[in-house]
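Asks: What follows is the residue order along each chain.
Number of protein chains: 2
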Amino acid sequence: MPYEMELIQFLLEYSKEQIAEYIEDVHPADILDAIHQYEGNRLELLNKLPDAIIASIIDYAEDEEKYELLTMFSDAKQKEIVDEMSSDELVDLLGSIDEEEKNSIIVKMKKEDADEVKELLTYLPDTAGGIMATEFISIKETMSVGETLKYMQMEAPDAETAYYIYVLDEVECLKGVVSLRDIVVNNFDEKIAEIMNEKVISVPSDMDQEEVGRIFEKYGFLTVPVVDYNHKMLGIVTVDDIMEILSNEHTEDLYRLAGLQEGEKVAGTVGESVKSRLPWLFVNLLTAILAATTVSLFESTISRVVALATFMPIVAGMGGNAGTQTLTLIVRGIALGEFNYENSKKVLLKEIGVGLSNGIAIGLAVATIGYLWEGKPVFGLVIGLAMFLNLIVATIAGFVVPVTLKKLRIDPALASAVFVTTVTDILGFFFFLGLATVLIGYLV
Amino acid sequence: MPYEMELIQFLLEYSKEQIAEYIEDVHPADILDAIHQYEGNRLELLNKLPDAIIASIIDYAEDEEKYELLTMFSDAKQKEIVDEMSSDELVDLLGSIDEEEKNSIIVKMKKEDADEVKELLTYLPDTAGGIMATEFISIKETMSVGETLKYMQMEAPDAETAYYIYVLDEVECLKGVVSLRDIVVNNFDEKIAEIMNEKVISVPSDMDQEEVGRIFEKYGFLTVPVVDYNHKMLGIVTVDDIMEILSNEHTEDLYRLAGLQEGEKVAGTVGESVKSRLPWLFVNLLTAILAATTVSLFESTISRVVALATFMPIVAGMGGNAGTQTLTLIVRGIALGEFNYENSKKVLLKEIGVGLSNGIAIGLAVATIGYLWEGKPVFGLVIGLAMFLNLIVATIAGFVVPVTLKKLRIDPALASAVFVTTVTDILGFFFFLGLATVLIGYLV
Numbered sequence: 001m002p003y004e005m006e007l008i009q010f011l012l013e014y015s016k017e018q019i020a021e022y023i024e025d026v027h028p029a030d031i032l033d034a035i036h037q038y039e040g041n042r043l044e045l046l047n048k049l050p051d052a053i054i055a056s057i058i059d060y061a062e063d064e065e066k067y068e069l070l071t072m073f074s075d076a077k078q079k080e081i082v083d084e085m086s087s088d089e090l091v092d093l094l095g096s097i098d099e100e101e102k103n104s105i106i107v108k109m110k111k112e113d114a115d116e117v118k119e120l121l122t123y124l125p126d127t128a129g130g131i132m133a134t135e136f137i138s139i140k141e142t143m144s145v146g147e148t149l150k151y152m153q154m155e156a157p158d159a160e161t162a163y164y165i166y167v168l169d170e171v172e173c174l175k176g177v178v179s180l181r182d183i184v185v186n187n188f189d190e191k192i193a194e195i196m197n198e199k200v201i202s203v204p205s206d207m208d209q210e211e212v213g214r215i216f217e218k219y220g221f222l223t224v225p226v227v228d229y230n231h232k233m234l235g236i237v238t239v240d241d242i243m244e245i246l247s248n249e250h251t252e253d254l255y256r257l258a259g260l261q262e263g264e265k266v267a268g269t270v271g272e273s274v275k276s277r278l279p280w281l282f283v284n285l286l287t288a289i290l291a292a293t294t295v296s297l298f299e300s301t302i303s304r305v306v307a308l309a310t311f312m313p314i315v316a317g318m319g320g321n322a323g324t325q326t327l328t329l330i331v332r333g334i335a336l337g338e339f340n341y342e343n344s345k346k347v348l349l350k351e352i353g354v355g356l357s358n359g360i361a362i363g364l365a366v367a368t369i370g371y372l373w374e375g376k377p378v379f380g381l382v383i384g385l386a387m388f389l390n391l392i393v394a395t396i397a398g399f400v401v402p403v404t405l406k407k408l409r410i411d412p413a414l415a416s417a418v419f420v421t422t423v424t425d426i427l428g429f430f431f432f433l434g435l436a437t438v439l440i441g442y443l444v
Numbered sequence: 001m002p003y004e005m006e007l008i009q010f011l012l013e014y015s016k017e018q019i020a021e022y023i024e025d026v027h028p029a030d031i032l033d034a035i036h037q038y039e040g041n042r043l044e045l046l047n048k049l050p051d052a053i054i055a056s057i058i059d060y061a062e063d064e065e066k067y068e069l070l071t072m073f074s075d076a077k078q079k080e081i082v083d084e085m086s087s088d089e090l091v092d093l094l095g096s097i098d099e100e101e102k103n104s105i106i107v108k109m110k111k112e113d114a115d116e117v118k119e120l121l122t123y124l125p126d127t128a129g130g131i132m133a134t135e136f137i138s139i140k141e142t143m144s145v146g147e148t149l150k151y152m153q154m155e156a157p158d159a160e161t162a163y164y165i166y167v168l169d170e171v172e173c174l175k176g177v178v179s180l181r182d183i184v185v186n187n188f189d190e191k192i193a194e195i196m197n198e199k200v201i202s203v204p205s206d207m208d209q210e211e212v213g214r215i216f217e218k219y220g221f222l223t224v225p226v227v228d229y230n231h232k233m234l235g236i237v238t239v240d241d242i243m244e245i246l247s248n249e250h251t252e253d254l255y256r257l258a259g260l261q262e263g264e265k266v267a268g269t270v271g272e273s274v275k276s277r278l279p280w281l282f283v284n285l286l287t288a289i290l291a292a293t294t295v296s297l298f299e300s301t302i303s304r305v306v307a308l309a310t311f312m313p314i315v316a317g318m319g320g321n322a323g324t325q326t327l328t329l330i331v332r333g334i335a336l337g338e339f340n341y342e343n344s345k346k347v348l349l350k351e352i353g354v355g356l357s358n359g360i361a362i363g364l365a366v367a368t369i370g371y372l373w374e375g376k377p378v379f380g381l382v383i384g385l386a387m388f389l390n391l392i393v394a395t396i397a398g399f400v401v402p403v404t405l406k407k408l409r410i411d412p413a414l415a416s417a418v419f420v421t422t423v424t425d426i427l428g429f430f431f432f433l434g435l436a437t438v439l440i441g442y443l444v
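Top line first, the protein sequences correspond to chains A and B. Just so we're aligned, residue 1 is where the first sequence starts under the UniProt record's numbering, counting upward by one. Just so we're aligned, residue 1 is where the second sequence starts under the UniProt record's numbering, counting upward by one.
To be clear, the hints were calculated from the coordinates, so they are not data collected in a lab. Note that this is a predicted model, so its numbers are computed, not measured. Just to be clear, a hint being listed does not mean it is correct.
Claimed, not checked - 30 Å max Cα-Cα, derived BS3-like pairs, lysine-lysine: (1) B/K77 with A/K199; (2) A/K407 with B/K102; (3) B/K191 with A/K16; (4) A/K150 with B/K77; (5) A/K218 with B/K102; (6) A/K118 with A/K102.
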């Protein structure tokens with residue numbers, strides 16, 4: 001990537017002053033990429049950057065890398081950098097390290113910042129409070145547009161986002177919001193009270209971050225204010241943080257459905273991947289043994305009609321697939337907020353309907369194949385009926401497993417194909433081999 | 001939901017003028033929700049709203065609902081509403097309807113808007129050009145901050161976003177960007193050329209929307225400018241559109257892996273779900289028949305050692321799971337841009353390493369179980385070795401299937417568990433039953 005090489009060259013060759021002037025225009029995410037590419041002494045490169053830029057670079061680094069980057073610097077320099085970081089960035093950094101490391105950073109903060117960060121750390125990390133920043137711009141409704149503009153010229157540089165300005169009353173309760181656009185298009189002597197939007201949508205500090213994400217998606221917000229139960233304004237959540245959170249939640253859903261652990265990277269090491277996957281494979285082994293046990297109960301039937309073994313993969317494969325279809329739909333529906341208590345009964349009935357319809361279609365097809373393959377109508381009946389029953393079981397299991405987990409406050413994606421497939425394997429084999437045992441007289 | 005009821009009451013009871021004054025502060029997404037809840041005459045409710053609000057409501061509706069909403073109104077009113085819609089909203093609307101309906105809307109636009117929209121429709125819908133809006137604010141670098149502010153007071157109300165102002169040269173090439181925040185915190189006589197950021201990151205109009213999404217995620221942008229190959233600025237993409245696109249892409253990935261079709265809703269009808277899922281179940285039936293055929297080749301072996309049938313679900317289940325793990329990691333790695341040509345060889349080698357390691361662990365475990373279950377060491381050897389080989393095949397298949405599809409420019413998620421499972425089923429049964437056939441003398 002030539003741009004990163006160019007950046008490295010520039011950082012190496014120019015003086016600290018020249019860099020300070022030019023580097024403001026370069027996006028910190030690109031500087032971070034360049035540093036990742038550089039194989040020489042990274043500290044030398046980093047030391048040529050202004051503190052505020054280093055703080056932004058740390059913000060764009062992955063959570064695990066933040067502490068490593070910061071502690072490359074001398075204690076004095078760390079203090080300067082920490083001073084430039086916003087409260088939510090500091091909380092992200094501190095959330096990824098242990099107690100001792102945490103304290104070593106907190107002592108480097110100004111007392112005021114340390115107190116703020118300590119308070120933010122009391123919120124659960126996955127809630128609005130845990131992801132908010134406290135650097136927002138607030139004004140009083142009695143101010144004019146001109147006064148607000150002047151106030152912003154002082155405050156904007158430190159704020160997390162300057163595009164929304166919050167109007168608070170004497171006890172810091174949220175009364176309204178004006179956008180910077182409103183400020184720009186209105187007359188200087190207009191009062192804020194006249195132009196502010198009083199119907200401001202806010203979120204409580206204990207709202208789950210995924211639900212906060214849904215609010216951003218619904219309204220197309222750039223920022224949302226966070227309030228406590230007295231409607232006192234505590235902070236703001238910004239859309240860039242939400243995008244990262246939603247992306248991580250999506251990865252988590254996909255991974256959990258497949259039995260991978262959070263944090264496994266496509267470009268990781270063999271050891272990391274084995275650690276992520278082997279536990280799930282052992283869980284799957286236990287459930288597969290249950291399915292095997294079911295089959296073993298019917299060994300004498302299979303020994304008399306060995307064609308039953310041939311059709312076993314069809315029973316298991318189709319049931320597993322139909323179950324995974326329903327499971328995926330329910331897990332995604334929960335994540336998007338489209339599935340809830342109000343429509344759960346309707347959805348269950350629909351899924352049973354789908355199981356019935358697909359069961360009839362696939363059951364008839366498989367019955368025909370079985371009849372043609374073995375030349376015995378009863379063989380077709382046995383495999384067709386087993387398939388029909390298994391597809392109904394599959395849709396019910398695909399519904400019940402994630403919904404039950406959700407009720408138990410466990411992530412429904414953890415239902416993962418493994419568990420649903422266990423149900424369809426065991427019951428599928430039971431229907432198929434059980435029916436064959438009952439009708440064995442017609443099969444041999 | 002009491003808020004929506006309140007809104008409906010308000011719309012029913014108050015006059016058009018009173019509503020116009022108050023409704024500005026209500027978010028269009030909430031008005032849309034209220035309209036969905038209302039069971040009376042919706043047109044009556046909608047007709048009380050100002051045209052600009054109706055245009056925003058249509059923007060927040062699902063693509064399929066937009067046309068339906070717009071065509072509720074009289075032709076004259078439709079003209080007014082269309083006039084208030086921004087170019088990307090019109091393109092979204094026109095993209096979801098047929099040619100005839102499309103023309104019926106285009107004739108209602110002003111010639112200038114119609115030309116613009118027709119040009120936007122020439123871009124592929126899934127590219128930066130297909131999702132951009134042309135309503136951005138542009139200035140010249142010779143302007144001062146004060147002049148820019150004045151210019152904005154005229155232009156901002158129509159712009160899609162006013163938080164970034166683009167600096168263009170005489171031939172409309174993108175030279176730089178200033179944020180509204182820069183405008184607010186600088187002196188009125190400062191020249192734009194002095195404060196603009198010249199290192200502005202832009203995307204070409206033919207960039208895939210998923211890649212545009214990754215750029216938003218990497219940089220935390222609110223807006224990105226779209227340019228042609230001469231660097232002429234064409235439009236902007238905003239973060240709210242990107243969030244919707246990313247959410248849809250995530251749903252698509254999850255659905256395709258599970259064999260569901262785009263557009264299936266958790267709260268949809270039985271008919272829609274059957275239409276979405278049955279084709280995939282039939283694909284799966286075909287692949288399951290291939291697995292069954294493999295088993296049928298070994299029927300005589302199974303008839304001699306019927307315990308082989310008991311262990312078949314373990315072979316198939318474990319292989320399918322291990323394959324799905326790799327598949328999911330690769331599909332997500334491609335979506336996140338973390339997997340590419342440069343690291344593909346390294347990732348393949350890692351996956352083979354993971355297959356070897358997990359294969360040894362699971363192979364030993366299954367060999368022990370097989371030995372204890374059947375009391376024959378060779379039985380343990382056969383199932384253990386088959387499992388070891390199948391787990392290596394599983395990781396390779398989980399890698400090769402999506403990577404091949406990507407090379408063929410087919411969505412790698414379409415690889416779906418179905419295909420990878422077919423490979424692991426067929427080869428797993430082949431290893432297991434084949435080894436048993438070779439060593440049959442030690443098993444009976």
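Asks: Work down the list of hints and note, for each, if the structure agrees.
Replies: Evaluation of the provided hints:
1. Annotation: proposed proximity of B/K77 to A/K199 holds, straight-line Cα distance about 28 Å (limit 30 Å).
2. For the suggested pair A/K407 and B/K102, the alpha carbons sit about 46 Å apart, so the restraint of at most 30 Å is broken.
3. With a C-alpha separation of about 26 Å, the suggested pairing of B/K191 with A/K16 holds against the 30 Å cut-off.
4. Taking the CA atoms of A/K150 and B/K77, the gap is near 43 Å; set against the 30 Å cutoff, the hint is violated.
5. Our distance criterion of 30 Å between C-alpha atoms is met by A/K218 and B/K102, whose separation comes to about 27 Å.
6. Our distance criterion of 30 Å between C-alpha atoms is met by A/K118 and A/K102, whose separation comes to about 10 Å.
This entry does not satisfy hints 2, 4, going by the numbered hints stated previously.
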